[in-house]
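Protein chains in written order, with the working numbering: chain G, 1 to 183; chain U, 1 to 183; chain H, 1 to 263.
What the hints contain is simulated information worked out from the structure, not anything from laboratory work.
In this text, a Cβ means the ideal position worked out from N, Cα and C, and glycines have one as well.
Treat the hints loosely; a few may be bogus.
[What the hints assert, rightly or not] Here are the computed distance ranges between Cβ atoms for each label pair:
no. : chain 1 : residue 1 : chain 2 : residue 2 : range
1   : G       : Ser120    : U       : Thr66     : 45 to 53 Å
2   : G       : Asn122    : U       : Ala41     : 52 to 60 Å
3   : U       : Pro123    : G       : Arg127    : 47 to 55 Å
4   : H       : Arg48     : G       : Gln52     : 46 to 54 Å
5   : H       : Lys49     : G       : Glu49     : 53 to 61 Å
6   : G       : Asn122    : U       : Val62     : 41 to 49 Å
7   : G       : Asp48     : U       : Leu162    : 48 to 56 Å
8   : G       : Ser170    : H       : Arg48     : 16 to 24 Å
9   : U       : Glu49     : H       : Arg48     : 55 to 63 Å
10  : H       : Arg48     : U       : Ala53     : 54 to 62 Å
11  : G       : Pro147    : U       : Arg163    : 55 to 63 Å
12  : G       : Arg127    : U       : Ala65     : 34 to 42 Å
13  : G       : Gln63     : H       : Glu135    : 16 to 24 Å
14  : H       : Ala89     : G       : Ser26     : 45 to 53 Å
[As the list claims (entries may be wrong)] Here are the simulated DMTMM-like cross-link-like pairs (lysine to aspartate or glutamate), alpha carbons at most 25 Å apart as the crow flies:
no. : chain 1 : residue 1 : chain 2 : residue 2
15  : U       : Lys57     : G       : Glu39
16  : H       : Lys237    : U       : Glu114
17  : H       : Lys138    : G       : Glu29
18  : H       : Lys138    : U       : Glu3
19  : H       : Lys224    : H       : Glu213
20  : H       : Lys175    : U       : Asp112
21  : U       : Lys154    : H       : Glu189
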Amino acid sequence: MREPENITEMKAILEAALLTAGQPLSLDELLKLFAGRMERATLRMLLDELKQAWEDKSLDLVQVATGYRFQAKPELSAFIARLNPDRQPKYSRAVMETLAIIAYRQPVTRGDIEQIRGVSVNPNIMRQLIERDWIDVVGQREVAGRPSLYATTKHFLDDLNLRSLAELPSFEDFIQDEIAVED
Amino acid sequence: MREPENITEMKAILEAALLTAGQPLSLDELLKLFAGRMERATLRMLLDELKQAWEDKSLDLVQVATGYRFQAKPELSAFIARLNPDRQPKYSRAVMETLAIIAYRQPVTRGDIEQIRGVSVNPNIMRQLIERDWIDVVGQREVAGRPSLYATTKHFLDDLNLRSLAELPSFEDFIQDEIAVED
Amino acid sequence: MLATTSDIKINGEALYELPQDLYIPPDALEVYLASFEGPLDLLLYLIRKNNLDILDIPMADLTVQYVQYVEKMKAIKLALAADYLLMSAMLIEIKSRMLLPKPSTIEDEEDPRVELVRRLMEYEAIKLAAQQLDEMPKVGEAFQVAHAYYQHIADIKPPEVSMDELVLAWQNVLKRAKLNANHRLGRAELSVREHMSLVLRRLQADGMCAFSELFDVKTGGVAKLVVNFLAILELAKEGLIHMTQQAAFSTIYLQVRQADERT
Numbered sequence: 001m002r003e004p005e006n007i008t009e010m011k012a013i014l015e016a017a018l019l020t021a022g023q024p025l026s027l028d029e030l031l032k033l034f035a036g037r038m039e040r041a042t043l044r045m046l047l048d049e050l051k052q053a054w055e056d057k058s059l060d061l062v063q064v065a066t067g068y069r070f071q072a073k074p075e076l077s078a079f080i081a082r083l084n085p086d087r088q089p090k091y092s093r094a095v096m097e098t099l100a101i102i103a104y105r106q107p108v109t110r111g112d113i114e115q116i117r118g119v120s121v122n123p124n125i126m127r128q129l130i131e132r133d134w135i136d137v138v139g140q141r142e143v144a145g146r147p148s149l150y151a152t153t154k155h156f157l158d159d160l161n162l163r164s165l166a167e168l169p170s171f172e173d174f175i176q177d178e179i180a181v182e183d
Numbered sequence: 001m002r003e004p005e006n007i008t009e010m011k012a013i014l015e016a017a018l019l020t021a022g023q024p025l026s027l028d029e030l031l032k033l034f035a036g037r038m039e040r041a042t043l044r045m046l047l048d049e050l051k052q053a054w055e056d057k058s059l060d061l062v063q064v065a066t067g068y069r070f071q072a073k074p075e076l077s078a079f080i081a082r083l084n085p086d087r088q089p090k091y092s093r094a095v096m097e098t099l100a101i102i103a104y105r106q107p108v109t110r111g112d113i114e115q116i117r118g119v120s121v122n123p124n125i126m127r128q129l130i131e132r133d134w135i136d137v138v139g140q141r142e143v144a145g146r147p148s149l150y151a152t153t154k155h156f157l158d159d160l161n162l163r164s165l166a167e168l169p170s171f172e173d174f175i176q177d178e179i180a181v182e183d
Numbered sequence: 001m002l003a004t005t006s007d008i009k010i011n012g013e014a015l016y017e018l019p020q021d022l023y024i025p026p027d028a029l030e031v032y033l034a035s036f037e038g039p040l041d042l043l044l045y046l047i048r049k050n051n052l053d054i055l056d057i058p059m060a061d062l063t064v065q066y067v068q069y070v071e072k073m074k075a076i077k078l079a080l081a082a083d084y085l086l087m088s089a090m091l092i093e094i095k096s097r098m099l100l101p102k103p104s105t106i107e108d109e110e111d112p113r114v115e116l117v118r119r120l121m122e123y124e125a126i127k128l129a130a131q132q133l134d135e136m137p138k139v140g141e142a143f144q145v146a147h148a149y150y151q152h153i154a155d156i157k158p159p160e161v162s163m164d165e166l167v168l169a170w171q172n173v174l175k176r177a178k179l180n181a182n183h184r185l186g187r188a189e190l191s192v193r194e195h196m197s198l199v200l201r202r203l204q205a206d207g208m209c210a211f212s213e214l215f216d217v218k219t220g221g222v223a224k225l226v227v228n229f230l231a232i233l234e235l236a237k238e239g240l241i242h243m244t245q246q247a248a249f250s251t252i253y254l255q256v257r258q259a260d261e262r263t
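Construct all of the structure, not just a fragment, from the sequences and the given hints.
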């Protein structure tokens, strides 16, 4: 196995790796392709060139929370969706509200979630989100019972095509008109 | 959602679908992309064109038993393999014990090893160690069948970072340990 | 996402009236519980859609009714019913505090409704955020990630073996074979074993070798020479080599024993 000798060969390796990965690849992972014989700056430059080369093609090279990935252009997605009529499971309102609380208020305990939702949280709800790898336990709150603290994962951001939590819609946008308190 | 109007758009849909499928797609599945508005013959032609378009690129469009798929060019696969190094394999207990007997009792025949281990030695074990260049045949014992005498090689010492076999712990060390434990 | 009245059915018949206040007919409670995510959700609905004034609710009636629920709900969804009961208790508390004359000394006390309003508004925002998250395009639905195939050519790495592992393997052999007693062998003997292999290897390659050629006097050192000599003796003893000398004091030749030389 001969190491790549020119930019074209390096780009072919990068492209093949990203097209076959099935998940985002971080800069550190991509550097492994070249067995440590590449500078980060060069890698970034190659990724930029690759991104441009694909601009008029069928996929986009995008950066998400855990790295770079190729994904079908949005206008082609609807056609591809015809191949898989069965979609991801729809989550219940309870699951989505729990997710929203964790996303916007993290790190939170189950108690915090119950306080905000005003109902007890079924452990099954947390399990569904953990199984999807959208949330995980990031620690314990140092109070009686040491309840687990939950936060969203990078995989959650990847799945929503986001690079960071800051790219989520602002919470302020969801606050509605003040509820009047009459005297 | 507008149906594709020209060959370029159709090829982009096909390409995106095949690149994101994660498995081969049959002609029947690929036809679904166009909601029944495409002839099989046209589809085959488009696939041929797509195949040619990728000839000098990082992937090949190939036909396998269950359909069409994109796959990394063979010469690039070795680089991609660097992303997921195989877990370091382990030698079986039988191999390790055989190696230990050869190291401590050399030169020994397979019969000697069998006698010490109390079980027959699979020829495959010796082959693994010979292929690794850790043992070799240094002679034959002049008894019936002229069995080969095995010894460890210099390469074995190098790989274990030893200058000589004398750097291996001696038997007496073990026996002392043994006594200490039994007391 | 808010429950609409047509979603709510009782005994198969759509219920077209949502309660104007917090009183929910007991036979419909389960349906309401299923339609709303909890008391905050229901209260929010009543405030936003029905313009309910939370202080206008006849608390005495409400209290009696909710106590009746406890009995009814013992069998089903007690936990959820408890959430509603907790809320009505909270409302009753708020109302009672509003009705009591405020002693001037604790005039600074916060209006108890403020906390409830804060909670309602926070929950409302979370509800909308949840809706938004639900609608956001996601991988697998709106995004298909490239996942072409590659031939997994194993980057074959042979197993690593450390000295410790080798020693452990040897200890296991010894334990099982109970060889400890008759195989006491020290470092020196290990060196002898190594030199036996070296001499054999040399003879295998060269065919025949003069005794003196097997000793590297220049770099060997005395210990090594002795070990080498012992190795040769051991090889001879084990019948692995053959030594010949034509006459006294002439050169001794060593060679690997041949099959036809059996004694």
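Against the structure, the hints come out as follows:
no., hint, verdict
1, G/Ser120 - U/Thr66: 45 to 53 Å, "48 Å, holds"
2, G/Asn122 - U/Ala41: 52 to 60 Å, "55 Å, holds"
3, U/Pro123 - G/Arg127: 47 to 55 Å, "51 Å, holds"
4, H/Arg48 - G/Gln52: 46 to 54 Å, "49 Å, holds"
5, H/Lys49 - G/Glu49: 53 to 61 Å, "55 Å, holds"
6, G/Asn122 - U/Val62: 41 to 49 Å, "48 Å, holds"
7, G/Asp48 - U/Leu162: 48 to 56 Å, "50 Å, holds"
8, G/Ser170 - H/Arg48: 16 to 24 Å, "22 Å, holds"
9, U/Glu49 - H/Arg48: 55 to 63 Å, "58 Å, holds"
10, H/Arg48 - U/Ala53: 54 to 62 Å, "57 Å, holds"
11, G/Pro147 - U/Arg163: 55 to 63 Å, "58 Å, holds"
12, G/Arg127 - U/Ala65: 34 to 42 Å, "38 Å, holds"
13, G/Gln63 - H/Glu135: 16 to 24 Å, "23 Å, holds"
14, H/Ala89 - G/Ser26: 45 to 53 Å, "52 Å, holds"
15, U/Lys57 - G/Glu39, "24 Å, holds"
16, H/Lys237 - U/Glu114, "22 Å, holds"
17, H/Lys138 - G/Glu29, "24 Å, holds"
18, H/Lys138 - U/Glu3, "23 Å, holds"
19, H/Lys224 - H/Glu213, "14 Å, holds"
20, H/Lys175 - U/Asp112, "17 Å, holds"
21, U/Lys154 - H/Glu189, "18 Å, holds"
No hint from the list above goes unmet by this structure.
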